[in-house]
Amino acid sequence: MSNGELRVVSPPELWGLAAEFSTVDAFLAAVAACRKAGYVRFDAHAPIPVHGLDEAMDIRPSRLPKLVFLGGLAGCALGLLLQWWTNAVDYPFRISGKPLFALPPAIPVVFELTVLFSALTAVLGLLVANRQPELYHPLFELPAFARGSDDRFFVVVEAKDPRFDRHGTEEFLKSLGAESVFPVEVR
Amino acid sequence: MTALVELMLDRRSLGEVGSKLARAAAFFGFACVAFASVGAWLWEPWRQRFFPAYLTAFAWVLSLTLGTLFFVVLQHLVRAGWSVVIRRLAEFFAAQAPLLAVLALPLLLGLHDLYHWTHPEVVAEDPVLLGKKPYLNVPFFLLRLAFYFLFWSWAGRFYYRASVAQDESGDVGLTERMQKRAAPAMLVYALTVTFAAFDLLMSLDPHWYSTIFGVYYFAGAVVAAFALLISAGVLVQRAGYLRRTITREHYHDLGKLLFAFVVFWAYIAFSQFMLIWYGNIPEETSWILRRTADGYGVIGLVLLFGHFIVPFAVLLPRSIKRSPGTLLYPALWLLLMHYVDLYWLVMPEFGAATPHLVDIVLFFGLGALWLSGAARLASRHALAPQKDPRLVESLTFENA
Amino acid sequence: MSQPAIWDNSHDQPGHRAPLVLGDDSFGAITQRVATIVEKPKPPRWWTVTFSISLAFTVVLLAMLAYLFTVGVGVWGLNVPVAWGFDITNFVFWVGIGHAGTLISAILFLFRQKWRTSINRFAEGMTIFAVICAGIFPAIHTGRPWFDYWLFPYPNQMQMWPNFRSPLMWDVFAVSTYFTVSLMFWYVGMLPDLATLRDRAQTKLRQLVYGILALGWRGSARHWHRYERVYLLLAALATPLVLSVHSVVSFDFAVSQLPGWHATIFPPYFVAGAIFSGFAMVLTLLIPIRKAFHLEELVTTRHLDNMAKILLATGLMVGYAYGIEFFTAWYSGNHFEAFTFYNRALGPYSWAYWIMVFCNVVVPQMFWFKKARTTPWILLVGSLFVNVGMWFERFVIVVTSLSRDFLPGNWGIYKPTWVELLTLAGSFGLFLTLFLLFLRFLPMVAMAEVKSVVPQAGLERGPHRGHGQYWGEIPHQHEEILGGEGREQR
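Chains as they are written, first to last, in this note's numbering: chain A, 1 to 187; chain B, 188 to 587; chain C, 588 to 1077.
Source of the hints: derived by calculation from the structure; they are not laboratory data. Note that this is a predicted model, so its numbers are computed, not measured. Ideal Cβ positions, reconstructed from N, Cα and C, are used throughout, including at glycine. The reader is advised that the hints may include incorrect statements.
When the alpha-carbon atoms are kept at most 30 Å apart in a straight line, the in silico DSBU-like pairs for lysine-lysine are as follows [unchecked claim]:
| id | chain 1 | residue 1 | chain 2 | residue 2 |
| --- | --- | --- | --- | --- |
| 1 | B | 443 | A | 66 |
| 2 | B | 443 | C | 896 |
| 3 | B | 443 | B | 367 |
| 4 | C | 629 | B | 367 |
| 5 | C | 958 | C | 896 |
Residues of chain A clear of chain C, computed beta-carbon distances all greater than 10 Å [stated by the list, open to error]:
| id | residue |
| --- | --- |
| 6 | 15 |
| 7 | 40 |
| 8 | 41 |
| 9 | 53 |
| 10 | 73 |
| 11 | 76 |
| 12 | 134 |
| 13 | 147 |
| 14 | 150 |
| 15 | 164 |
| 16 | 166 |
| 17 | 171 |
So the derived list for chain C, only partly shown, Cβ under 7 Å to chain A, looks like this [as the list claims (entries may be wrong)]:
| id | residue |
| --- | --- |
| 18 | 764 |
| 19 | 816 |
| 20 | 967 |
Here chain A stands alone, though its shape is the one from the complex (with noise of 0.2 Å):
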């Protein structure tokens, strides 16, 4: 709605079908009919985190925390390596009489480091995996979209899809109760 029309410059090609909802309780139930419908290239955007999304739309847990886990491992190692060969193997200094290495005073930035390195996993795996920043989508061509980020919810059935039928699913989409469907096209 912010950019006002968009001005076709080769012929626009179909990317897919875009219906939407206002209603958290519409939107779910369309994603689980999309599903059992057997769609498969199709996606939910909704402005908030929806509880039940994942599971309408069966989505298999990320990984992301196994990977963050083992992040944090290697922080740790990091730590314990890092201060042990430099104060006890490379540059040996004896200090207020305390040993060249001992566990007690290296564990705050082993804890850090080990913080550091989760953090660092999980943020920038969540951006790899989210594929981000992707500052194109096809999506953003339909004007109606920007809602999606307000109080809108979409369901997106690419055009791509085996089961896509440029006027089937229309009318499947606007059986489950869309307050109205748009093409997406691409230039």
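The hints should help you fit chains B and C onto chain A, whose structure is shown.
Relative to the frame of chain A, chains B and C by itself:
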């Protein structure tokens, strides 16, 4: 709504099973304590070991009551909804302070054996202890203990009584009263637990001091309390009670809290240990040295791994916290580890780290006596609140 | 599903959870209320005025730093025995301020305290800016700040490594980790809201800037799924992190053998104090801003009430630590230890000590009363007292212990110079400058998160009703979530 509550809520008490359990536990506990006492009467090594072992076991059962009392008061303080269905079990345990006051009486016979500073001739020759005399003297010590137990008994009984009364009346005003008293009760609780830890455990070595000691004892007690609640919940459900009342979701939360307090305990233990290690001041370090020599170093390592590293790793995955049958084992293990922690605090003041039969007999003895008290209450009242205003929220609770 | 318009939602009715957002709580209304603040072409007048003043103080800060760097640390009043003064006091003060942000965003998140959603963005922003201010002080107190990079372990031609047994090194790791993780947490949490601003942008420039910042967020279900996991993980990591940061700061003191510094309770005591001071700062900033931007329906009386309760609780923890320290100083039988505390209360800096006790222990007692917790101006005054008191707490710890150590021949008195006073004032200028910029250009309330706790999100119905969302209605289809041991796992 009523249909839902009818379907999910178990209205039964432990009933006859509970009274049987209470009688059996009381009998067994008495037998154990009597056996240890007779042994102490007859054999010198048993006599020497009796009071330290009694104190360790006593501190253990005391922390089960104090930890659960903290849980109960906290739930009212923060107006928690999710925990209603497990709160009653905690109330049974938290109401055991009067029984503990009775169990504390034998300690009075052993003050001379336990506490160095009760000997006037020792204090007279020790300028440091002489300086502490206004605090560390027997009459004031007893007065303080009396006050602690009076407060804990009042708090434990108040929350138990009000909650049970609500089962009948369904009076929302009771919840309001329990909430109103939660904040001041928590304040007095913090002070009494701190000074009880100073008095009962820290003053075993009257020269040593650590400002964090009260928090250390508290942290261990809360770990034990969550471990106890998980164990009690699973065992009661296995016996056929509360089967639909306590769900996976509640265990998940209890597991998370257990995990959090395991980490908190480690944090407090590390803070105390590292600062003393680093400062290396003789009067402080001697306490740590005694706990790393004569075999106690091994116990220290057992604590490091058994009270922190292993439970940390075991409790980390979500799947374990969500399967009560599995969660039971780390919970039972941590209950034991809390005893080991107290053993490590008490025993180094009384010789080498060789476990003694008396330790085990009194551990089971006091544990059984304490359990009989809780079982007696459980035989009379429903095992979950019946008309708590937040009952439905708790029954239908899910981890979002 | 909107609730009737009530202004006081701080009532406590067991069994009925109060609504967290008042007035029109539809998604659209929430977006409108928050987003329009940053979309106005011109800032409000008060913003321009306070911003100019803050900017002026920032310039003062830069001038003081330039003076310090060109002349040397002699421009400060530090001298043996008091080698730490305003520098470290300010450092600990600012790091502490930051802690409330992490507490609200991470710890309250783990505790499912959904009221946090109205204030977490704001508090997280405050964390970032406070840590920036904090970072300045240890960096400039080193004497030769242009060599600060020596603090980092990197291979160098001197073939030396930093000494990891020193708690000052732990600080480097703790504070930089804290800053990095807080920044990521803040930014990740902001992605959906940045997308909202992008989608609402009316100018090319705004579209471009918010578009880039939003990284192409489009609310895909799969993205949300990972996003929620990562947010939870970051919260779970930030929680022990926030404890560790102020613990490490406390280690700077507590590993020493100096009476008044060497106390085992320091780590948790510092953490409680940090949260206490941080919440006070959140309230100090939030109460006027909530009024200025008319956010009373998002940041409700209940929010203020809850924060005041946390202020009271953490204030009591701090009071507990003061008491236990005092008791142990006597109980220890150590003359030096006892003298230090006697000196704090009755010595040359006793005025600072009693300001601390009054502001941190006496003043918060008024929050036992609901009237004080729910009246904004009383709360504002109380929080200002706590800010002052917590600054003095650090001053008392740093200065009194150093000024009176074991040998009377070593005793000395520290007085800050005008340079130190202006540096502190300048750090407030920098903090407020950054903060006002944040209010102007970024969404100060987490829109997506607030939306997910209002009735329209559908949480109060069906099997996916979240905790704290209970309005007394009973969901219908309970058969499918019935529990017991045979319960299905999702």
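Of the numbered hints stated previously, which ones are contradicted by the structure, given in increasing order? Of the numbered hints, 4, 9, 12, 13, 14 and 20 do not hold.
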